[in-house]
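Residue numbers (the working numbering), protein chains in the order written: chain A, 1 to 170; chain B, 1 to 170.
Rather than coming from a laboratory, the hints here were simulated on the basis of the structure.
Just so you know, not all the hints are guaranteed correct.
To be verified - What follows is a set of in silico ranges between Cβ atoms, one per label pair, in the way DEER data are often shown: (1) A:61 with B:109: 32 to 40 Å; (2) A:78 with B:159: 37 to 45 Å; (3) A:109 with B:142: 20 to 28 Å.
From the three backbone atoms N, C-alpha and C, an ideal C-beta is built for every residue, glycine too.
There are 2 protein chains.
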Amino acid sequence: MSSNPAGDDEIRDPIREAHRLWEAHGWLEAANGMAMVTSIVRVHQLLLERVDAVLKPYDLTFARYEVLRLLAFASNGRVSMTRMGSLLQVHPTSVTSAVARLERQELVERLRRTTDRRVVLASITDHGREVVEAATVRLNEEVFEQPGLAPAEVLTATRLMTDLRAAAGD
Amino acid sequence: MSSNPAGDDEIRDPIREAHRLWEAHGWLEAANGMAMVTSIVRVHQLLLERVDAVLKPYDLTFARYEVLRLLAFASNGRVSMTRMGSLLQVHPTSVTSAVARLERQELVERLRRTTDRRVVLASITDHGREVVEAATVRLNEEVFEQPGLAPAEVLTATRLMTDLRAAAGD
DNA sequence: GATAGATGCTTGGACGTCCAGAGATGTCGA
DNA sequence: TCGACATCTCTGGACGTCCAAGCATCTATC
Numbered sequence: 001m002s003s004n005p006a007g008d009d010e011i012r013d014p015i016r017e018a019h020r021l022w023e024a025h026g027w028l029e030a031a032n033g034m035a036m037v038t039s040i041v042r043v044h045q046l047l048l049e050r051v052d053a054v055l056k057p058y059d060l061t062f063a064r065y066e067v068l069r070l071l072a073f074a075s076n077g078r079v080s081m082t083r084m085g086s087l088l089q090v091h092p093t094s095v096t097s098a099v100a101r102l103e104r105q106e107l108v109e110r111l112r113r114t115t116d117r118r119v120v121l122a123s124i125t126d127h128g129r130e131v132v133e134a135a136t137v138r139l140n141e142e143v144f145e146q147p148g149l150a151p152a153e154v155l156t157a158t159r160l161m162t163d164l165r166a167a168a169g170d
Numbered sequence: 001m002s003s004n005p006a007g008d009d010e011i012r013d014p015i016r017e018a019h020r021l022w023e024a025h026g027w028l029e030a031a032n033g034m035a036m037v038t039s040i041v042r043v044h045q046l047l048l049e050r051v052d053a054v055l056k057p058y059d060l061t062f063a064r065y066e067v068l069r070l071l072a073f074a075s076n077g078r079v080s081m082t083r084m085g086s087l088l089q090v091h092p093t094s095v096t097s098a099v100a101r102l103e104r105q106e107l108v109e110r111l112r113r114t115t116d117r118r119v120v121l122a123s124i125t126d127h128g129r130e131v132v133e134a135a136t137v138r139l140n141e142e143v144f145e146q147p148g149l150a151p152a153e154v155l156t157a158t159r160l161m162t163d164l165r166a167a168a169g170d
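Please construct the entire structure, taking both the sequences and the accompanying hints into account.
Here it is as structure tokens:
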């Protein structure tokens, strides 16, 4: 179809291309917002790829890592399911799912609060503590200390994301 | 445990709290990066919530919307599966999954390229075009024109996300 | 105390994403 | 022509997220 020597329809950056098409269709007021949203979606995907690659040797995903990290921080290493969902800002069923897998991996135990037997407490095991500490060291080294932006820009990006969260009622 | 009158362990912003804990554990070099990554993950979640809410009346998700939008832009309304995965930057199986659902909804048809019968072309139907144009109008109005930041900040955020994508080899 | 409503958690199902592997088709060199 | 290899797509399964619905337990009201 094309005479482009590097292949047909070479597109450098799909997001830039989408922005161009939005403007070409007259959606001028929306083009920049579309580009921002699409960029965030893509960055999210790339960052999670990096994070999950680091966590893979520990047989963890980011979702389960966050649960373990939260429990390791908690006093007594115990937090109720509902409270975890609230702190991690995920739905109760996601907590159920994550804790179920962590329990199978023997990184977490389930306990029932005696004063209110409806409440399930997730409790990190000694092995869970070892795993989460090792995983945190690696995550810090390989992702969080090298997030892909200069230190000042990291702060700017964080501030903008915080504003976006606030605008969405977070 | 706590004497906080508004309940125990009131936490305003889980991300700020995580940042504090990271510093308290001496992970100073990683704390800002952790906060940025966590913020992006959260913003992604909130934005997709907004987008999916707008698309719900059209029985679309963002993933399927992107496929439809791409097809509507393409000449003849046709694109091969592999090329869609490349342009949308998702795995081939995600394209298969999205096109399968769109086909059931009669928004897309599958054709086979005669000159190379390995290639499947997704082709948008007239009904698909109607749906995607209507959905685009709503998305522009309700999300992309009101992304939650001032216009200048939208540009800054987009630039930072673009730099992050470049750093990740996008 | 008994019953109605609230709360905490789980289950089952739909969808999206990724991986591993398989099947069909094309291409290239012996 | 034939066989080896590459390419395109799909299937099946694991995991995460969300929704709707259900069960167990607690609380409040009479």
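Going down the list of hints, with the structure as the test:
{"no.": "1", "hint": "A:61 with B:109: 32 to 40 Å", "in the structure": "36 Å, holds"}
{"no.": "2", "hint": "A:78 with B:159: 37 to 45 Å", "in the structure": "43 Å, holds"}
{"no.": "3", "hint": "A:109 with B:142: 20 to 28 Å", "in the structure": "45 Å, violated"}
Consistency with the previously given hints fails for number 3 only.
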